[in-house]
Amino acid sequence: MSVSIKKARNTHKIKLKYSLANYGSKNPNAKLNEANIVHIRKYTKQFYESKHVDKSLLVDKLCKIYNISRPSIYSILQNKSWKHIMYPILQQHLA
0 MSVSIKKARN THKIKLKYSL ANYGSKNPNA KLNEANIVHI RKYTKQFYES
50 KHVDKSLLVD KLCKIYNISR PSIYSILQNK SWKHIMYPIL QQHLA
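Counting with numbering that gives the first Met the number 0, you get residues 0 to 94 for the letters of the sequence shown.
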């Protein structure tokens with residue numbers, strides 16, 4: 000095996016190690032933690048099941064509670080961010 004292949008494999012291992020180390024609340028820039036994400040998803044699911052809520056008003060309320068942006072809330076609800084936190088939500092209501 001050539002030196003460049005070994006070096007590339009080691010570089011990949013190092014990048015993988017550091018990328019996994021700073022996800023979720025371990026990231027120093029995180030405004031939320033895992034418990035907040037579960038609460039957001041659970042709270043949203045309860046209101047979607049009741050069918051008596053305006054989606055934009057609910058998202059605005061969550062934005063104020065957690066002091067984060069609307070796109071951040073939608074990203075959490077659509078499992079685009081915080082993917083490692085599993086909580087079932089109603090995907091059909093988010094489209």
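Source of the hints: derived by calculation from the structure; they are not laboratory data.
Just to be clear, a hint being listed does not mean it is correct.
[To be verified] No more than 20 Å apart at the CA atoms, straight line, and that leaves these computed lysine to aspartate or glutamate pairs for EDC-like:
#	residue 1	residue 2
1	K30	D53
2	K44	E33
3	K41	D59
4	K30	E48
5	K79	D59
6	K25	E48
7	K63	D53
8	K30	D59
9	K82	D53
10	K41	D53
11	K82	E33
12	K60	E33
Computed from a predicted model, the values in this text were never measured in an experiment.
Status of the hints after comparison with the structure:
no. : hint      : in the structure
1   : K30 / D53 : violated (25 Å)
2   : K44 / E33 : holds (17 Å)
3   : K41 / D59 : holds (16 Å)
4   : K30 / E48 : violated (27 Å)
5   : K79 / D59 : holds (19 Å)
6   : K25 / E48 : violated (32 Å)
7   : K63 / D53 : holds (16 Å)
8   : K30 / D59 : holds (17 Å)
9   : K82 / D53 : violated (25 Å)
10  : K41 / D53 : holds (16 Å)
11  : K82 / E33 : holds (11 Å)
12  : K60 / E33 : holds (19 Å)
Hints 1, 4, 6 and 9 from the earlier list are contradicted by this structure; the remaining hints agree with it.
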